[in-house]
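Engineer: Make a model of the complete structure from these sequences and hints.
Per our numbering, the sequence shown starts with residue 37, numbered consecutively.
Since no wrong hints were added, every one of them can be taken at face value.
Cβ pair distances, simulated, as ranges:
#  : residue 1 : residue 2 : range
1  : 252       : 425       : 45 to 51 Å
2  : 164       : 335       : 43 to 49 Å
3  : 456       : 151       : 47 to 53 Å
4  : 393       : 432       : 44 to 50 Å
5  : 261       : 234       : 32 to 38 Å
6  : 360       : 270       : 42 to 48 Å
7  : 252       : 428       : 49 to 55 Å
8  : 362       : 60        : 43 to 49 Å
9  : 161       : 55        : 49 to 55 Å
10 : 414       : 454       : 24 to 30 Å
Hints are computed from structural coordinates only; laboratory data are not their basis.
Glycine residues also receive a C-beta, built at the ideal position from the N, C-alpha and C atoms.
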Amino acid sequence: AGRPPAMAASSGRAEDAAAREAEAKRKEGIESIMVRSIGLFLFAITLVVPTRAPMILGIKKGDAAATARVLGLMSSCAALLELFLNPVFGRLSDKYGRKPFLLLAPVVNAFLHILVGAFPKSLKVNFLDRMISGSMIFSFVGPLNAALLDLWGPGEHMVPRMARAQMFLGLGAATGPFIGSKLGGARSFQASAAVFLATAAWIWNKFPETLREENKKEFDIAACTPLRFLRLFQDKTTATLATTIGLQSFGDYVNINDINFLYLKTVMGYGQAQFGNFAISVGLTQIVNGKFMKTLSQQVGGVKATLISNIAWILAMGCLGTSRRIGSLALALLFMAGGHQRATAVSAYLQTAGKNVGMGSAELTAAQANLNAVLKVFVPIMYGNIFSFFTSKGRNLPGAPYLLIAALTAMSQVTFNTVSKK
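Structural biologist: As structure tokens, this is what we get:
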């Protein structure tokens, strides 16, 4: 005899619940692989953070102003290349999946770092490496963010998950400079190449494709223009959110890292080892901020979390730009622990708003990164020139770039306040 209807229904609900629990565990497992991948990738990148600028300074025979201009030009060229690559890789990722592009970046960067390790005193090799490897960062982070969205979908619930990824990013960013500063010069690039290859091997063996067949989009070369980010400005909500993110990006660590070394060398007399310690400290603040932002967004929501993190970043830049003693520098690091992820909730809102106007996850991520890349074309050069201007001909305001960032971060909050977050 069959089971009574009530018993059958109860059994069916139990089976559905078990299936949902199993699916959630599967997704959590994939997410764990992904966040560890970003930690490894950032570890490889930051191994050379404390050594790149001193190498260029040595090539330029100790001329800090000339070094600032060269480093700014390197970063701007990387952003220009990224400007063309972002929309292409974004569309290809929406067609062929995330895994191929998660493999591409570490393999390319490994090859380039091997070249720098072999020719550390060549400005041309250093320039080529910085330009291409810098542009490859998004080629990794973009598909990884898109894979997270494949698993969980867009929405404010993504904020704590992105915050968790930031914690592992911070872990990589904290340990890389520590080891890189101990290795120094060419050896740091050789070690970085080895870690990039290890990252590629980890992804090859562990990461399953997350993009479902039914969610794939056909590749459209016409959609791969470097100005693809302009689509974000065809809708009022996405335009306001994109503007907010753009203003926030002026203070992104990748935009100020090169200036950090020259600033600390100028005002504190720091060398490679001390700068390495500072970079480690910044990495630790990223770990703390990952936990902080995850908890904060869960307790007060993305809107208030954005306000608090923007205020923290304004204070951090203000303290950093006026630092002359270790106490002010420590205070800047304390505030950084509250502000690194100031754009996380804004990006989550942008994903939802972009979906509403028909944009795919990777396409949205690529468009946002394209916008940041446009800014990065001139922002590092601008900071280099500002630093050079305010430290020459008797002028003594080396912290001017940081004070500008504080003002722009305040403008980003004002802009964010004007958009509906529903």
